[in-house]
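Novice: Next come the chains, spelled out residue by residue.
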Amino acid sequence: MAENAMDRIARATPPGVARKIRGLSDRAIAWIFVGPSIFLLLAINIFPLIWTIRLSFTNFRVNRINAPVKWIGLRNYERILTDPDIWQTMQATAHFLFWTIFFQVLIGFTLAWLINKKFRGNDLWTTLIVLPMMLSPAVVGNFWTFLYQPQIGLFNYVVAFFTGADPSSFSMIGSIDLAPWAIVIVDTWMWTPFVMLICLAGLRSIPDSIYEAAEIDRASKWRQFWTITIPLVLPFLMMAVLFRGIENFKMFDLVVQLTGGGPGSVTTLTSIDLKREAFEKWRTGYASAYAVILFVTIFGLASIYVKALNKVKER
Amino acid sequence: MSRFFKGIFTLRRGAWEMLASILIALGVFLMMQPFWLLAYTWSFLVTLVGTVMFIIVSHFPE
Amino acid sequence: MSGFSVNEPSRRMKWFAGILVVFYALVTLMPLLWIIATGFKSPADSIAYPPKVIFRPTLEGYVNLFTTQTRITPDMEEGLEPPKNWVEQIVRDKGMVIAGPSRYVQRFMNSVIIGFGSTFLSVFLGTLAAYAFSRFRVPIKDDLLFFILSTRMMPPIAVAIPIFLMFRQLGLSDTHMGMILLYTAVNLSLSVWLLKGFIDEIPLEYEEAALIDGYTRFQAFYKVVLPQAMTGIASTAIFCLIFAWNEYAFAVLLTSGEAQTAPPFIPTIIGVGGQDWPAVAAGASIFLLPVMVITILLRKHLLRGITFGAVRK
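If you read the protein sequences in the order shown, they are chains V, F and P. Under the working numbering, residues 1 to 315 are what the first sequence spells out, in order. Under the working numbering, residues 1 to 62 are what the second sequence spells out, in order. Under the working numbering, residues 1 to 313 are what the third sequence spells out, in order.
Hints listed in this document are in silico derivations from the structure and should not be mistaken for laboratory results. Just so you know, not all the hints are guaranteed correct.
[As the list claims (entries may be wrong)] Partial chain V-side listing against chain P, Cβ under 10 Å, derived: (1) MET134; (2) LEU135; (3) ILE298; (4) LEU301.
Remember, it's a predicted structure, so these values are computed and weren't measured experimentally. Even glycine gets a Cβ: it sits at the ideal position worked out from N, Cα and C.
With these hints in hand, go ahead and build the complete structure from the sequences.
Specialist: Printed below as a string of structure tokens:
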């Protein structure tokens, strides 16, 4: 529709007066309107990006400005991609990614399906459920450390209440076994509403007539669910999963406030590791190569995401 | 499936985008799998190829 | 939607679904309610075991949040005038006096300045760009739109390395201006994509009529399109504002004092002897409540905002 917008307006404009009343040509206006945005993005995103790529081939360190900067080729990439510690970090990220997406899809879809039963007041409750997702992850993450305190924390108290364990016998963010789950729980709490909202949109986009036709064919409810509901919600679900995947691949604020990457390095996700390399050890060149690896991965995932986005848009 | 191969040979966007997406997904999987260090080492190259390919093939005709 | 439908769930199903959803909502709201409640607890109540649901509310947390205090000895206290107001009374009861205001207000104001500044800029630039993308034939439009969106996907820590160097060169580190520009760039993607959707929905006929009436393209844009797009612009602005308000990674890396916003500051609130949870909770409550209220007001546009305009309803 946008494609023929100009043509339609051009047709609506009497040819003789067209030039006079338009003043500037459409093309000029288009560039004046788009230009500043593109310029800002070039200055604040693309220029730094190119700079990062350049730095990634050097041994530059910000804290040693006067040291000679040497061009070391692919050495940084080589070191990162053969480092078992960074591989470990990737696995910590994978654990976080996999389980958060698993729980968010499971709970989010179930909630959407229940809300779609249109009980009275479902709008109000949907809005309330959505609240955590709009809040500042750092501030909320910081407060969760309070809820996770052994003995006095609300979370430990509630778990202890239902399991009968001693509330001071376990520390969600202090123990190597539990910390990876502590961050999964908070992220799931925060972002399940996101998956829920998108699934709900998917469910509501299915026209009643499809179910009615299935009903006439005497398909069971169970069969309808698997042959109609799931396939039609799937593009929406894909979009939600990809978005959460990208977001959690670069997760920083929530986890850094919750565990700071500890204990040991069990919750050191890639972004947290990268922050240490770049802003604590100040190995700028090395960190730049690390950043480029994350960039490319996310750029790839983002391409798939935009494809999924357009698929949903067509619906 | 045959449509997919036909798309590959006639340089159609859909089929090639699918291929690129699979490469990217494979790269991400290799990067995060806990089994094989060597696969992690080469995962980035797979992702890079997939990503560059995606950018190129998204300009192929539908 | 009237009349009999095979898909109308049974009464029993509705009850079942309703109870489960309400249960989930109550559980998920617990941490938020706990933040608000903790803000009104005394330090002793906040760390009591078992956790106290019923307690005597006090404003001690809020007083601690806004002031810095020093301890005084009993004989020093005798020389002092009696407390002038309830704030001083609360502090005096602990054997302390107010030494001055805390930095919370300043950090909060930084959040406000940077949030509104960047929101204004990104919505302004975004509206222009979105209009052009919606109405004109822009070369390599799809690539530009993808490029704009992909800038938002980038991990902030990775982008922060060169930005950190760049800001240092330009003298923008730890300034409002630097943060406003940065957040504007990040928010541009959202505002362009969202606003393009909103402007796409405005029928072309209005503009056609205006052009025939002798308006220039420019006049048609701000006299016809802008008023029509106002709802869209307002909800886009709110989404940008919420992002800038909540942002942490850039803020913690690129600001330290002068321009630091509230999210990196709130976790650093430390009382006398260990973290002062009521003060932290008070700070968090003041910071989070506006967003909660806005979310409720914004519920109709929420879905659109989180999917970059892909899902309209």
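Novice: Taking the hints in turn, state whether each one holds.
Specialist: Verification of the supplied hints:
Interface restraint check for V/MET134: the shortest CB-CB distance to chain P comes to about 5 Å, inside 10 Å, so the restraint holds. Here the hint on V/LEU135 is kept, as its CB sits about 5 Å from the closest CB of chain P, short of 10 Å. Here the hint on V/ILE298 is kept, as its CB sits about 5 Å from the closest CB of chain P, short of 10 Å. Of the supplied interface hints, the one on V/LEU301 holds, with its beta-carbon coming within about 8 Å of a beta-carbon of chain P, less than 10 Å.
The structure fails none of the hints (numbered hints given earlier).
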